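Chains as they are written, first to last, in numbering that gives the first Met the number 0: chain Y, 0 to 770; chain R, 0 to 81.
Among the hints, a few may not be true.
Below, a sample of chain Y positions facing chain R; criterion: calculated Cβ distance under 8 Å [what the hints assert, rightly or not]:
#1 Ala-185
#2 Phe-188
#3 Phe-207
#4 Ile-209
#5 Trp-215
#6 Leu-218
#7 Leu-228
#8 Gly-300
#9 Leu-480
Keep in mind that the hints were calculated from the coordinates and are not lab data. Quick caveat: nothing in here was measured; it's all calculated off a predicted structure. A virtual CB, placed ideally from N, CA and C, is assigned to each residue, including glycine.
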Amino acid sequence: MTPLLRQFLDEGRGLIQEATRHLLVLEREGESREGTAIVFRAFHTLKGSSGLFEVGAMTRMLHVAEDLLAGIREGRTVIGAGLVDALLACLDQVGQWLDTLEASGELPDGADRDADSLISTLRSAAGLGGPAVRDGGSPAPQAGAADAGADFLAAFGEGERREALRLLREAGPGAGILAIRYEPRAGCFFDGDDPLELFRGLPGLAAFRIEAGSPWPVLEEFDPFSCSLVFRALAVGQEERVRNAFRLVSDQVRIVPLDLEMPEGPAVRKGTAVADAVIAEQVRLLHMPGCPRPEVAGRIGSAAAAVINVLLYEGRQDDVGAVEMAADEALAKADPRILSAAILRMAEHRRAEHRLAEGGASAASAPLTAAAGQDQDTVRTGAAQRVLRVDEARVDHLMRLVGEMAVAKNGLEWLVRSSGADDATVRRLQDLHGTLDRLTREMHGAVLRIRMLPLRQVFQSFPRLVRDLSNRLGKPVRLVLEGEDAEADKAIVEQLFEPVLHLVRNSLDHGVEAQEHRRTAGKPNEATLTLRGFQSRGQIIVEVEDDGRGIDAAAIRRRAVERGLLDAAAAAELTDEDAVQLVFAPGLTTAEAVSELSGRGVGMDAVRAAVEKTGGSVTVRSRPGQGTTVRLALPLTLSSVRILTVQAGGRRLGVPMDVVSQTIRLPRGQIRRVKEHEVFVLRDRVIPVVELSRLLGLESPVRSAGEDARLLVVEVDGRVAGVEVDGFAERLDAVLRPMDGLLSGIHGYLGTTLLGNGEVLLVLDLKEILR
Amino acid sequence: MTVLVEMDAIHLKGDCPVDEAEIVLQALLANPGLPVDWSECEGLHTAVLQVLMAARATLTGSPRDQFLRLRVAAALSSQAEA
């Protein structure tokens, strides 16, 4: 089995699962744009990648299903139980086919018949009726945009198209392939445009070409400040984002979404004689002596490009990274032999694989099984930017290791002090510990930074969204984005979109007045909505500010009383500032009518819930008649803390591991009384014992003399203490949520964390308690 | 100063903004055939790039900047083939 087929099988099964899950959600909860998009995407990707294999029946059926889903997405077709059934049957069939494909390398005999029958089921379920139309072995390309895209596509070679398809498979839902043709105005440099820069920042660039718009004149007559270039590119990503990148030159650029049909034929092609010759020729060129130094780089570059094209043609994307890396190194050291060595290694691997492929399936399967998991966790060295795409789990694992290292380091410190070694040794060990301490801290910071993303990721969707909303509501709005570069952890940034979207909708819907009201209030016709991000005191702050009517504190009080959230007296006592915070209470909204966009009384409540889930908080400031500012404050990271759970005074509590140097069980007889204090001796050191339940003012259990004492040896500010607990339980990594609300006034706790069973675990701040 | 004409090559260093298109053009006109070493180039305005293309300049070296090294270089080589 070829690595590409392996990948298709794994990926295909994943897509079937995903599509199934979301189809069920659609059926249960009704149609949603996101749900439909996910299902469409799954079918689309299945169909697209099936085109790489000789599975015409599957491709044909998926094509029909995809068309129906596109109809649903565009509102032409209504999704009903019948259609969900038919689509699910389709997925079941694909699943069976994948099994057959895995076992025998081809579809079963009756596949075409089955496909026809499912196609007619699909059509009748969608109310299209009519007999199943067979349109031959290969599906017709999507009409419309794709036709317009055909000539766009013609400019790109097969290698470039394959690269685009590969990126597409890696891209998230909602991504498509877009062909871009950008012909800047001749005078664009005078407008301050730098077309190249636009492409530099473009995510998902799969292919990029720069061409002369017309033949170059002789250099003496060339006007360097008149632009006559044409840029062509294929980009993979969300159309909206790509359009957004070119919004300022939208009159000079054409962006066409493509339905990239892949060429027929097996994906991993056998090494042809031509391909072999191309590879051999590159090695020969690289070894050719007497290459003038200035040309070395060019030679390396063109050899690498030629070999990579062969690899892409053969569907061996997995080998591309190694060649790219070798080319880079060869360029850096101006040594072509580095590249030729890598090419020879790759060629050997390639030949071995072809031999295996010819030797039959049984021989081929064994050495290639490793390819199965590669799609998920290969560290991809992309051609576009040297960005590593790493499975999040790997970074998390790294994070856990750093945590363990901190714990081990603490143990070392303890050992140094109690070792009884001579002063010189102790000093050296302490220096070493200091170094380790610093390194651990730096590593911790470095790992956290891997996960940092700029707020731009969230903000960049808003210009388009605000534009659409503003058109729909007939309220002209100017959107101001500030602090897009402020960074926070990926998990935090990703969770910001929903709440911010809610707030933006709310602002436009309820905050910003209708035009005639703004006019009478003497405000500019165009409202201003500001999204602002910055870091402050270890938090990432995002503010959504409008210059609308503000929130009517009196109305909020009234509604809160009506809804029974407060009694009238309590409501009257609230300051205006406190009263407006009630907008975050469940079920409270001041909107007079439930509007299309928001105002169902769930918005602000949902915002609060989403923000608090990450340990953040939300506040609102209203200036009546002048506007509203909602401020979200979230932690910069969702970093987890290693926690030991202990029993004390009949409760379960968490203790952060970083202050615990060890846990010991001690026969009670070894704890002695010295004056008022209980102490024990550990490695020739006298250490005071304190009981955790007593420290916390909890009831301490009666202890029998025969029972061992369980102690946490804790070091705080250079003082060591034994903290007695009733029992040790498991260790876990937990994301701490700060103490807030009613708990915020209680000292001695770092925060809370949710246990797997839903129980809330209070995590002690031993440093504060022991001080 | 980010455009340096030396015996072996015309060196582009650091960021090459739009106004250097003219300087690069003059340097290329005065030294036909002299290669352009862009290994220390960190940013290239489209206008400068266009001059390099129009002059069919031979680029040498490999800029540290990823975008220039991987994307722009490849885009230029495909033009040269065409």
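Hints and how they fare:
1. Ala-185: violated, 11 Å
2. Phe-188: holds, 5 Å
3. Phe-207: Given a least distance of 5 Å, the restraint on Phe-207 of chain Y holds.
4. Ile-209: Hint on Ile-209 of chain Y: holds, closest Cβ of chain R at ~4 Å, below 8 Å.
5. Trp-215: Check passed: Cβ of Trp-215 of chain Y comes within 4 Å of chain R, closer than 8 Å.
6. Leu-218: holds, 5 Å
7. Leu-228: Since the shortest Cβ distance to chain R is 6 Å, the answer is holds.
8. Gly-300: holds, 6 Å
9. Leu-480: violated, 24 Å
Hint check: violations occur at hints 1 and 9; the rest are consistent with the structure.
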